[in-house]
Amino acid sequence: MSDQAVPIEQHSPYLKHHFDDLGQQLDSSTLGMWVFLLTEIMFFGGMFGAYTIYRSMYPDAFASTSRHMIPWLGGINTAVLICSSLTMALAVRSAQIGKRSLIRIFLILTMIFGAAFIAVKFTEYYLHWKDHLVPWAGFQYPEAPQFFHQAQILFCFYFFMTGFHALHMFVGLGLLTWLLIKNQRISFGEEYYSPVEIVGLYWHFVDIVWIFLFPLLYLIGAHS
Amino acid sequence: MNHHVLPVRTYVLIWLILIVATGTTLGVAYIDLGPWNIVVALAIAFTKMSLVVLFFMHVKQQTNLTKLFVVAGFVFLGILICVAMTDYSTRTWLPQGKMW
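Protein sequence lines correspond, in order, to chains A and B. Heads up: the first sequence at position 171 corresponds to 171 in our numbering, and the numbers run straight through without jumps. Heads up: the second sequence at position 39 corresponds to 1039 in our numbering, and the numbers run straight through without jumps.
Worth double-checking, as some hints may not be accurate.
[Claimed, not checked] With a straight-line cut-off of 30 angstroms between C-alpha atoms, the simulated DSBU-like cross-links for lysine-lysine are:
#, chain 1, residue 1, chain 2, residue 2
1, B, 1060, A, 16
2, A, 16, B, 1067
3, A, 182, B, 1067
4, A, 16, A, 99
5, B, 1067, A, 121
6, A, 182, A, 130
7, A, 130, A, 16
8, B, 1060, A, 182
9, B, 1067, A, 130
[As the list claims (entries may be wrong)] So the derived list for chain A, only partly shown, Cβ under 8 angstroms to chain B, looks like this:
#, residue
10, 31
11, 41
12, 45
13, 47
14, 49
15, 56
16, 78
17, 222
Quick caveat, the hints were computed from the structure, so don't treat them as lab data. Every value quoted in this text rests on a predicted model; they were computed, and no experiment measured them. Glycine residues also receive a C-beta, built at the ideal position from the N, C-alpha and C atoms.
Make a model of the complete structure from these sequences and hints.
Here it is as structure tokens:
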């Protein structure tokens, strides 16, 4: 126990005291986000698993629903989401090099693509509603009445899986708004950009879910 | 810092591959390949996912611990779907029990 003054080390204001350095802090945040994303994989995975089982049970009924899906709208939405992933990745890159105005531009572009995706998605929901394809809400399936019940299972999967995906998109838009505000208040740069990186991970994950939803829901029986 | 900034052209190249792959998925779906339609569609989807994970999500540059977690997540999803399918796809193999 000496009375000697301990020299105070200068460290970044962004470094939390329980981390050794900013690199360790970023790695920890990234790992933590991935642990969350693993729970998301299992959340969507449960639905994908159930979908796989029912599709293997009723392949013809599931294929018959294809003519009600609008593959080109789904394809456009896939492209829109991939573009949003590119702008998100570029927003993270701008944060890494500390360009505030570029971060803002890319975040806003990402939000525009995200909003466009949701707009197209809800247009599709409206068209399905008009075509009486919502299960238990006046569902009609006159062209293949033998599949009346089984086709409703597919539409249940369709509305739940794309619905939960759309919900994730809304959360993502909220997170992007938060980033936009944060970007005005603090300077992201080489030493601290983990919030942008972490939101980026979330956004790309939601993109990956759609990458699987598109062929599985829209293109089941397109060739027949 | 321990993370290397990727050049813009890497991101644009990955984006281009993803867009072309989406077009391919859409195009191939209209060709009748029998049981191979779903195989091709999923193979393209897995390729797209790998590109997004490795480059957009920077997993290629992450620590080995993070890589392990990412791989573990997908392995466990594989176990979930495969084990469920081994059950459901073989239920009809056993002779039906006599109903009383």
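task: Quick one: which hint numbers does this structure break? Sort them smallest to largest.
output: As far as the earlier hints go, 5, 6, 7, 9, 13 are violated by this structure, in ascending order.
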